[in-house]
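K.L.:
Take these sequences, add in the hints, and give me the full structure.
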Amino acid sequence: KSEQKKGADEGIDGYIYFHDEPKGKETKEVILQVKSGNINVSGIRDLSGVVKREEAQIGVFITLREPTRPMKTGAVSSGYYRSPLGHNYPKIQILTIKELLEGKKIDYPVRARGIDATFRKAERYGQEGQQKEMEL
Numbered sequence: 021k022s023e024q025k026k027g028a029d030e031g032i033d034g035y036i037y038f039h040d041e042p043k044g045k046e047t048k049e050v051i052l053q054v055k056s057g058n059i060n061v062s063g064i065r066d067l068s069g070v071v072k073r074e075e076a077q078i079g080v081f082i083t084l085r086e087p088t089r090p091m092k093t094g095a096v097s098s099g100y101y102r103s104p105l106g107h108n109y110p111k112i113q114i115l116t117i118k119e120l121l122e123g124k125k126i127d128y129p130v131r132a133r134g135i136d137a138t139f140r141k142a143e144r145y146g147q148e149g150q151q152k153e154m155e156l
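Going from the sequence shown to the working numbering is simple: count from 1 and add 20.
Treat the hints with caution; some may be incorrect.
Straight-line alpha carbon distances no greater than 20 Å define the calculated SDA-like cross-link-like pairs of lysine to any residue that follow [unchecked claim]:
id : residue 1 : residue 2
1  : Lys125    : Asp33
2  : Lys72     : Leu52
3  : Lys125    : Arg102
4  : Lys125    : Pro110
5  : Lys72     : Ile126
6  : Lys45     : Tyr35
7  : Lys118    : Arg85
8  : Lys43     : Leu105
9  : Lys72     : Asp127
10 : Lys55     : Leu84
11 : Lys55     : Arg65
12 : Lys72     : His39
13 : Lys125    : Gly34
14 : Lys125    : Ser103
15 : Lys92     : Val54
16 : Lys125    : Ser56
17 : Lys45     : Ala76
18 : Lys43     : Gly106
19 : Lys72     : Ser103
It is worth saying that the hints were derived from the structure and are not from the lab.
P.N.:
Have a look at this one:
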């Protein structure tokens with residue numbers, strides 16, 4: 021898997037990282053692709069190819085326009101990612117900006133567990149609520 025920065029021409033606009041194994045050391049990926057212009061089934065095929073090339077678990081096609089029936093069929097025919105925890109998630113998902121604004125979420129393992137590896141929390145030190153005095 022290449023580590024170089026990806027641009028729009030590489031088919032990747034963002035990532036979400038997650039862990040879904042009981043002792044989850046391996047970080048897994050959801051690839052995000054955003055399109056605002058004319059969309060068609062070739063965009064779904066391209067995203068499917070990017071997901072395979074990058075060895076990601078899930079790909080999400082985010083669009084301003086409603087997906088066509090062939091796009092929906094193409095996404096469904098990509099199959100499912102089976103989590104080691106026993107759940108299936110659509111391998112290729114299509115979400116519109118409208119759906120996202122209305123609260124629809126990407127379907128991936130981390131939501132069920134409430135743990136997101138995309139943003140790690142800093143470790144806490146000292147007692148909360150007590151400010152240390154600064155020496156001058």
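K.L.:
Determine which of the earlier numbered hints do not hold for this structure and return their numbers in increasing order.
P.N.:
none
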